[in-house]
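Protein sequences, first through last, are from chains C and U. Numbers -12 to 496, taken from this note's numbering, label the letters of the first sequence in order. Numbers -12 to 496, taken from this note's numbering, label the letters of the second sequence in order.
Keep in mind that the hints were calculated from the coordinates and are not lab data. Any given hint could turn out to be false.
Intra- or inter-copy, both count: the list cannot distinguish identical chains.
[To be verified] When the alpha-carbon atoms are kept at most 20 Å apart in a straight line, the in silico DMTMM-like pairs for lysine to aspartate or glutamate are as follows: (1) LYS322 with ASP189; (2) LYS151 with ASP168; (3) LYS476 with ASP486; (4) LYS476 with GLU197.
Residue strings, one per chain:
2 protein chains.
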Amino acid sequence: MTVTSTLKDRIENAELLAKVVPVEDAVKHVVHGSTVAISGFTKSGEPKTFLPALAWHFSQTSPEARITLLSGASLSEDVEGPMAPFIARRGPYMSSPASRRRIHAGEMDFTDVHLSAFARNLMYGFYGDIDVAVVEVSRIRKNGSVILTSSVGISAEALARAKKIVLEVNTSGPDYTGFHDIVLPAVHPHVGWPLPLVNVRDRIGTPYVEFDLSKVVAVVESRTPDHPVPFKAADDTAKRIAEHVIDFLLRCREQYQWGKRLPPIQSGVGNVANAIIGQLYDSPFQKIRFWTEVFQDGMLRYVEDDQKFEYASATAVSFSAEGRQRFLDMFERSKDRLVLRPMWLSNSPEIISRLFVIAMNTPIEVDIYGHVNSTHIDGSRIVNGLGGSGDFFRNAYLSIVHTPSTRRLRDGRTVSCVMPYVRHIDHTEHDIKCVVTEQGYALNMDIRSPKRRAQDIIDRCAHPYFRPLLHAYLDMAGPGDEPRASDMKVLQGWWADYDAATRAFPQNG
Amino acid sequence: MTVTSTLKDRIENAELLAKVVPVEDAVKHVVHGSTVAISGFTKSGEPKTFLPALAWHFSQTSPEARITLLSGASLSEDVEGPMAPFIARRGPYMSSPASRRRIHAGEMDFTDVHLSAFARNLMYGFYGDIDVAVVEVSRIRKNGSVILTSSVGISAEALARAKKIVLEVNTSGPDYTGFHDIVLPAVHPHVGWPLPLVNVRDRIGTPYVEFDLSKVVAVVESRTPDHPVPFKAADDTAKRIAEHVIDFLLRCREQYQWGKRLPPIQSGVGNVANAIIGQLYDSPFQKIRFWTEVFQDGMLRYVEDDQKFEYASATAVSFSAEGRQRFLDMFERSKDRLVLRPMWLSNSPEIISRLFVIAMNTPIEVDIYGHVNSTHIDGSRIVNGLGGSGDFFRNAYLSIVHTPSTRRLRDGRTVSCVMPYVRHIDHTEHDIKCVVTEQGYALNMDIRSPKRRAQDIIDRCAHPYFRPLLHAYLDMAGPGDEPRASDMKVLQGWWADYDAATRAFPQNG
Chain C
-12 MTVTSTLKDR
-2 IENAELLAKV
8 VPVEDAVKHV
18 VHGSTVAISG
28 FTKSGEPKTF
38 LPALAWHFSQ
48 TSPEARITLL
58 SGASLSEDVE
68 GPMAPFIARR
78 GPYMSSPASR
88 RRIHAGEMDF
98 TDVHLSAFAR
108 NLMYGFYGDI
118 DVAVVEVSRI
128 RKNGSVILTS
138 SVGISAEALA
148 RAKKIVLEVN
158 TSGPDYTGFH
168 DIVLPAVHPH
178 VGWPLPLVNV
188 RDRIGTPYVE
198 FDLSKVVAVV
208 ESRTPDHPVP
218 FKAADDTAKR
228 IAEHVIDFLL
238 RCREQYQWGK
248 RLPPIQSGVG
258 NVANAIIGQL
268 YDSPFQKIRF
278 WTEVFQDGML
288 RYVEDDQKFE
298 YASATAVSFS
308 AEGRQRFLDM
318 FERSKDRLVL
328 RPMWLSNSPE
338 IISRLFVIAM
348 NTPIEVDIYG
358 HVNSTHIDGS
368 RIVNGLGGSG
378 DFFRNAYLSI
388 VHTPSTRRLR
398 DGRTVSCVMP
408 YVRHIDHTEH
418 DIKCVVTEQG
428 YALNMDIRSP
438 KRRAQDIIDR
448 CAHPYFRPLL
458 HAYLDMAGPG
468 DEPRASDMKV
478 LQGWWADYDA
488 ATRAFPQNG
Chain U
-12 MTVTSTLKDR
-2 IENAELLAKV
8 VPVEDAVKHV
18 VHGSTVAISG
28 FTKSGEPKTF
38 LPALAWHFSQ
48 TSPEARITLL
58 SGASLSEDVE
68 GPMAPFIARR
78 GPYMSSPASR
88 RRIHAGEMDF
98 TDVHLSAFAR
108 NLMYGFYGDI
118 DVAVVEVSRI
128 RKNGSVILTS
138 SVGISAEALA
148 RAKKIVLEVN
158 TSGPDYTGFH
168 DIVLPAVHPH
178 VGWPLPLVNV
188 RDRIGTPYVE
198 FDLSKVVAVV
208 ESRTPDHPVP
218 FKAADDTAKR
228 IAEHVIDFLL
238 RCREQYQWGK
248 RLPPIQSGVG
258 NVANAIIGQL
268 YDSPFQKIRF
278 WTEVFQDGML
288 RYVEDDQKFE
298 YASATAVSFS
308 AEGRQRFLDM
318 FERSKDRLVL
328 RPMWLSNSPE
338 IISRLFVIAM
348 NTPIEVDIYG
358 HVNSTHIDGS
368 RIVNGLGGSG
378 DFFRNAYLSI
388 VHTPSTRRLR
398 DGRTVSCVMP
408 YVRHIDHTEH
418 DIKCVVTEQG
428 YALNMDIRSP
438 KRRAQDIIDR
448 CAHPYFRPLL
458 HAYLDMAGPG
468 DEPRASDMKV
478 LQGWWADYDA
488 ATRAFPQNG
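If we strip away everything but chain C, and leave its shape as in the complex, we get (with noise of 0.2 Å):
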């Protein structure tokens, strides 16, 4: 087919550039029951042209077709929601309402999974074989091997162990040649070996991907760029949440010795940790790092201010529509001070824990004794997934799980975020050392019964409107080191209680 110059500046390899073709032609080398493993992390770098094409292709030739569907983190509903009819299973994360309805109902099995286990895994064999990698590029170099775009997540691991590959080369951004430290993790029978990572900005592998050409079956062009976040600006509870975890932070620095330094920064994405990052930016803290899943709109003004910041380390970028052109503008200046590396490395247990980070992310519930629900509402019907939470909360050197005490619901009722027992644990209360409200903070740091530590995330974290109600649990569950009320009728009429004040919370209607 005629090529467009614009993509054969960006293919310098003469044997790819022969295999680029339609991409209505590409889409026909996955058929019913493949295994595609895809680019893409928080709706960055996906294979925006591909994978709506192949949807079409479906729905044009075979309806009845379903395939498995492994990616690095979320895509954007423009690329899984046309995919999602066609999709059996799912893994590791996903934030579609087209599947999220679809995995509800029973019609698509969705794997949960920790994301650095899960890139893993796939390395290690356990999902079977990899029949086709679609990744998104940025470059095609001289040899062969490519750079990719805005993100890492699981693409090099795709590449690596897929018997077919289709390239999607990206010409509406830039190359991004520079961002990227790629590494495979170690697979048994060879010897694992210790990363030599001691800081933020180190780098221990490539910044391009390589494999075994001779996989490529199709080169396909994209002009589409990502398609852009919502940024949530911070609301006054955010705020709240934010200076209670500053605090917090400062208490630490004081009370463990800190120094100037410090400890890198893992942070979750909304509006809670763009006030936490907002606010550690007008802390005394100098020479900030992240250590992170996704570099952010709110972690901009960082790259800019050599006081306040020193690196970033992450799998992705993502950005708002105004994030991506500011991103843009400083393109350049941006490459050294933030590396993307593949999400086995950046959420990696031997990294947390080594550089000491210090991780935060909002759940939808936490319970009075400290574990966590992430991902069921219910306890039974999933929203997006665990992601890499339980990657940094497990072993990070502070652990902050953050939320408002309340919320609101769609019916109007207003709900707890600390309750009695949360119905899906995702965290234990052996991983989280601090829980946040914008009514306080409650640590989980020293000896201490988990029925004492219940007092605490009461009296500090609840809302006072729920705090009887939470101490009328207690009162009433009984012996032991962490009791649980198992009276059913008793739980009835506590439930009753607790769903008439939701009710009536004062602020509702």
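Knowing the structure of chain C, use the given hints to seat chain U on it.
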């Protein structure tokens, strides 16, 4: 005081020899409010003379005294029992009936932490100052550094952080020189470093512990050998579980192309663990390596067989009376085939992951989705604690939870160890790859929603007698990928049916 010649032989350092005092004097360094960190792990290497003497001292002089007691893991009841009335705070693991009673009654605060995290938290200062370290040693070297005994646990951290040190020189056992590999974890703001350990047999530290001699306030002699632990022989159920485990491992060897090299094995304690270790010996696997917490009776025969066995790494040896004698008989031979390390290292996520360890532990109960309760009866009352199960399950190459499908209670009922939900979760479904009972095994390694996995766990692992009840729960659980019944009345009905079933179980009395 007069020092016996046996003791003199063990103390080569003159400064410390001069500090030998009767234990009755040494205990006075511990006072009401002290935080005391001691040696000891699974009843091995504990200060067997000091602690009972301290308990006697308190009972005679200050019955109101309360201290914080931190150890590696469990102590023998001879040691912890007398002390229990004087312990206000305890961590991170215990198996003492006396302590357990006080914990359940809310008289003793107990903190349950992953063992690897506990040792690091101690170094980080999260548990505050350590007033006194009491550590059993087998020899004091010329320069004052010490050789530990049958366990390492937190001994090195205790010696590093304590303000005062009491050394308990055990003259009843051998000189353990050559068995240990001692290294301390890095503490922020020092830079963490990669652990240069890529084989089970690699040693990365020193065979002795160095510390500030000026902190030693007393040296006491102990003539008490480690209290023996009961050896639980494998019953038929344990043997059938072990057969399924070996089957699973052989299947993995084939499927994941291990060749002849079985990844290192971590094995818990108890009769199922003994059955597995026993059958592993009779399996086709050769050159077996253990990367585990405790080296026990069942592993002794390996040491005699260079074909079957390569090397073992643990943080303690723990034997029955008979096992201990056998171990002493081949003490020199063992030295070349076994190393004891600090528990932060034996349980290090970095190393467990790098070495592709296969982890196996017994829980109290599992649920149909693969969540595991390892610690709390009825979700409320702690048994022993988490120990290292989370360190190993989370970071293992393969994580295997094994349990009999039913358990007979003292009241005559027979309960199912596979439940619709467990009321305390220590390990989530995300961390478990294989559930084994004497009925069979179910995998959690592929891309599959929890609801479908549940069908498998019920049909392959639950006792046939309880399967209809478990399916009934799943049928009423409603929509979702991991559905949980939420209607309290329906739930109440299910529990009533279940309770009746536990009483009517065919083999019951």
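Hints violated by the structure (listed by number, smallest first): As far as the earlier hints go, 2 and 4 are violated by this structure, in ascending order.
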